[in-house]
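K.L.:
Residue numbers (the numbering used here), protein chains in the order written: chain A, 1 to 125; chain B, 1 to 248; chain C, 1 to 130.
Calculated directly from the structure, the hints in this document are not laboratory data.
Treat the hints loosely; a few may be bogus.
Which chain A residues face chain B? A few, computed with CB under 7 Å, are given here [stated by the list, open to error]:
#: 1; residue: W10
#: 2; residue: D41
#: 3; residue: L80
#: 4; residue: S83
#: 5; residue: Q85
#: 6; residue: W86
#: 7; residue: G99
A virtual CB, placed ideally from N, CA and C, is assigned to each residue, including glycine.
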Amino acid sequence: MKNKKSSWGWFWQSVTGILLILLVGLHMIAHHFVAEGGIRDFQQVIAYLSNPIIILTELAFLISVTVHAMLGMRSILFDLGLSPQWERVVTYGVVVIGGLTVLYGFWLTYAILAQGSAPTAFLFR
Amino acid sequence: MSLQVTLKILRSRPHQEQRYDTFDVTVPDAANVLDAIEQAWAHHDRDLMFRHACHHASCGTCAVRINGREKLPCIAPVKDYDGGEIKIEPLRNFPIVGDLVVDVAPFFQNQEASDFIITRPTENELDGKAIAHTQGLDPESAPTVPFNRFENCVECGICLSACPTMSADYKFFGPAGLAAIKRQLDKTTDANEREKLLHLADDEHGVWRCHSAWECTEACPQSVFPAESIMALRKEINAQRFKKFFRL
Amino acid sequence: MNLYRPELKRFRFLRWFDFRSWRLGMLAYILNRVTAIGLVVYLYLHLAVLFLLAQGPSGWDPFIQIARTPWFLMLDVILLAGLLIHGLNGLRVALTGFGYGVRSQKPLFIALMIFAAIVLAVGVFKMFMG
Ligand code: SF4
């Protein structure tokens with residue numbers, strides 16, 4: 001038998017998926033149903049982010065949504081029956097794009113907090 | 001009584017344009033689609049390529065698509081397609097040899113990979129009730145777990161033709177092959193053998209490539225439930241993972 | 001064009017769109033894929049728009065004036081629908097893959113989609129009336 005690795009993609013796709021049902025639910029409720037006017041203005045965003053627990057939840061959301069999206073795109077591309085070389089390109093590709101996305105998200109959070117001189121900005125120092 | 005039907009058959013040969021040919025045939029009321037195809041061959045075009053053997057759904061040789069759906073034409077009554085044409089095309093996701101005949105070699109290679117030897121064990125029960133054993137057979141030693149009836153598989157390839165994942169990813173192991181692995185897994189308690197089988201299934205293009213469209217189970221003419229086998233394999237592998245994960 | 005000619009192997013991906021069978025499982029599969037691609041596109045649009053937040057109130061507050069218009073809310077309705085379909089259908093895929101509800105995946109799918117429709121209706125009501 002060929003010497004091949006087992007595959008964890010589906011497993012993490014499900015785990016992040018189930019997590020996301022909770023986190024997306026929270027995110028949608030917090031940003032669109034609780035917020036007055038359906039969306040927060042800048043001061044409200046800062047006030048909202050002054051709670052470290054909220055920040056951690058948002059970051060957890062960022063990470064799981066990125067992992068889920070990258071695994072999903074990889075899976076869609078793998079459906080094409082790619083050659084092993086292209087499969088490797090896709091795998092590294094989604095790792096790089098996913099990594100950049102998460103980095104951008106972290107930077108964004110920091111930049112927003114710094115802009116509003118929110119008390120939680122220290123979390124990123 | 002007899003029926004008039006029009007068959008519209010997809011014709012293909014290497015290096016030739018594909019085309020649909022229509023044949024008007026007359027068949028008895030109780031005829032199946034395979035009988036109609038045979039009529040077309042017998043009376044209209046001796047060049048028509050199709051394949052069959054048993055005529056009663058136990059060999060799985062004749063599988064084609066009838067009006068877009070995968071079927072065994074030997075058990076598909078012409079009456080079900082009352083009025084209008086009956087469109088007949090070869091199975092999808094296999095190389096075409098000619099007309100309705102496809103090359104099933106890749107399919108059998110995957111079936112073989114599970115080491116499954118197709119012999120049916122003695123039936124010990126019928127519809128859940130134990131049946132009388134012939135002399136010399138110890139009822140105690142009979143298997144008690146109701147197996148998923150993989151033995152029903154006639155290797156017709158219909159599930160592979162119906163599967164949307166198979167259509168794009170030629171590397172996908174395929175529903176019937178995965179069902180064979182599951183069946184083999186049920187049969188053995190040998191740890192090495194189980195490990196080997198799960199390893200075969202646990203692959204990017206194995207059990208995880210399935211997108212849960214359940215088409216194989218829907219199309220299978222023999223109640224093999226390949227999709228359910230795929231889910232059972234996933235469960236098994238996932239359960240192992242959880243154990244591994246929390247023991248760390 | 002017959003997509004199943006061997007020489008068309010390079011165009012294999014077109015066969016994804018060969019949805020001959022509109023049975024329930026296939027429908028679920030198509031919906032999941034379409035919403036998946038839509039949601040990824042949305043995710044990146046969303047992250048790009050959030051860049052405005054990093055520019056302080058002068059960047060963000062003009063944007064939310066647009067975002068509060070009914071036209072924009074319509075986009076939110078599409079988003080919510082996509083999330084519900086993808087999330088709940090995904091739940092079915094995950095559950096069956098862990099061995100739950102395997103024999104009742106069809107009723108499970110129908111029940112989840114009815115639930116999605118209810119949540120969507122409530123959501124839309126809250127968005128426009130709330
Ligand atoms: S599992 Fe069913 S559809 Fe697939 S080859 Fe066997 S009998 Fe045919």
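K.L.:
All hints are to be evaluated individually against the structure, with a verdict given for each.
P.N.:
Evaluation of the provided hints:
Interface restraint check: A:W10 against chain B, minimum CB-CB distance 4 Å, threshold 7 Å, status holds. Because the closest C-beta pair between A:D41 and chain B is about 42 Å apart, greater than 7 Å, the hint is violated. With a least beta-carbon distance of about 6 Å to chain B, the hint placing A:L80 at the interface is held under the 7 Å criterion. Checking A:S83 against chain B: minimum C-beta separation of about 10 Å lies over 7 Å; hint violated.
Interface restraint check for A:Q85: the shortest CB-CB distance to chain B comes to about 14 Å, outside 7 Å, so the restraint is violated. At about 12 Å, the closest approach between the beta carbon of A:W86 and any beta carbon in chain B exceeds 7 Å, and the interface hint on this residue is violated. Given the 7 Å rule on beta carbons, the hint for A:G99 is violated: about 21 Å separates it from the nearest Cβ of chain B.
Checked against the numbered hints given earlier, the structure breaks hints 2, 4, 5, 6 and 7 and satisfies all the rest.
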